[in-house]
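J.: Listed here are the chains, written in short residue letters.
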Amino acid sequence: MMPPVRTIGILCLALAAGCAGVREAPTSEMAQTVPLMVESPPVGPLEPVMTADAVAGIEPVANAPTPPSKSASAAPPPAKAPAKISASPVAVEQPRKNEVPPPAARPAEPPLDVAALKSRLRETNAIGVFTKLALKNQVDDLLEQFRAHHQSGQKSNVASLRQPYNMLVFKVLSLVQDSDPSLARTISGSREAIWAILADREKFNSVT
Amino acid sequence: MITRARAAALLFSLAALLAGPAPAAEDVTLLKDLTSVIALLGMPCDRVVSARRQADNDHIAACENGNRYRVFMNAEGRVVAQKQ
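As you go down the protein sequences, you meet chains A and B in turn. With the numbering used here as the guide, the letters of the first sequence map in order to residues 3 to 210. With the numbering used here as the guide, the letters of the second sequence map in order to residues 63 to 146.
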C-alpha cells in the first residue's frame, strides 16, 4: 500500500513542479520587455534620471502628451511595476557610462606644436629606429623649405608647401596609426595647428 | 637516473623555449622597421621578408616582390635605401 501512495505523491509533486515551471515563463517574457522600455531613456541625456524615478511618481499627471506612452506601459500592471523599477536603474546607468567617456576623451588632447610632435615621435614605440631617423630627415627637410620660404620674404608661396606638408603628415599617420592610435589621433587633430605655426613667419621663427 | 634524465630534458626544452622567441621577435621588429623605411623613402616593396646585417645601421633587405635594398645611414646621418 505504501509504495503506490509514495508513487502518487511523487507524481503529484512532479506535476506541481511542472505547473510551477509553466508559470515562470511569463516572468521571463516580462524580463525581456524591460530592456525595450529602458532603451528609450538614453535618448535624452539628462532626463532619464528623472524619468526612472518618476515612473512610479506623479509627473504623468503634469505632462499630458509625452509621458502617457511611458506611463501607459508602466502604470496598468501595478503589481509588476516594482520589478520594472528595480531592474531599470541598473540598465539605465550602463548606457550612460558607455556613452559619456568618448566625448570626454577626445577634447582632452591638446593640439601639438612642432617640438611636441618631434618628442612624441621620438618616444613612441610604434616605429623603429631606422624609420624614426628617416622621418626626422624628412621633417628637417620640410622645415628647411619653410625656413627658406620665410627668409625669401614671399607671402603668396606658402600654399605650395601645403602639399608636401600634408604628404608628410599622411606618412606619419600611416606609420603610427596601427601601433599607437592615440598618437595618430593627436597628430591628426593637430594638423591645422601645426600648419598655422609653420605658415606664419613669426610663429615659425619663435618655434625653431 | 630516470629523474635526472627527465630533469635534463625539461631544462633543455625550457632553454629552447626561452631562447627561441627573443631573436624571432627582434627579427620581426627589424623587418617591420625596414619595411616602413623603404616605404617612407618611396621605394616599391610590399614587405621585407628577410634581412642580412652588414654593419651597424647597415642591412640588406629582401622584399616580397623580389626587390633587394641596402638600407643604411650615410655619413650625413641620413637613412638611405639603395636598390641592389
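I should point out that these hints are in silico values taken from the structure, not numbers from a laboratory. Honestly, I wouldn't trust all of these hints.
What the hints assert, rightly or not - Here are the simulated distance ranges between beta carbons:
#1 B:R130 <-> A:L145: 30 to 40 Å
#2 A:Q156 <-> B:G104: 20 to 30 Å
#3 B:N127 <-> A:S208: 41 to 51 Å
#4 A:G155 <-> B:K94: 16 to 26 Å
#5 A:N127 <-> B:Q144: 22 to 32 Å
#6 B:Q144 <-> A:R149: 20 to 30 Å
#7 A:A150 <-> B:V111: 17 to 27 Å
#8 A:Q147 <-> B:D89: 15 to 25 Å
#9 B:A117 <-> A:G155: 37 to 47 Å
#10 A:S208 <-> B:K145: 33 to 43 Å
#11 A:N159 <-> B:V111: 19 to 29 Å
To be verified - As a list, the in silico EDC-like pairs of lysine to aspartate or glutamate whose alpha-carbon atoms are at most 16 Å apart:
#12 B:K94 <-> A:D182
#13 A:K138 <-> B:D108
#14 A:K120 <-> A:D143
#15 A:K205 <-> A:E194
#16 A:K205 <-> A:D180
#17 B:K94 <-> B:E126
#18 A:K173 <-> A:D142
#19 B:K145 <-> B:E126
#20 B:K94 <-> A:D180
Ideal Cβ positions, reconstructed from N, Cα and C, are used throughout, including at glycine.
J.: What are the numbers of the hints the structure violates, in ascending order?
T.: 4, 7, 8, 11, 13, 16
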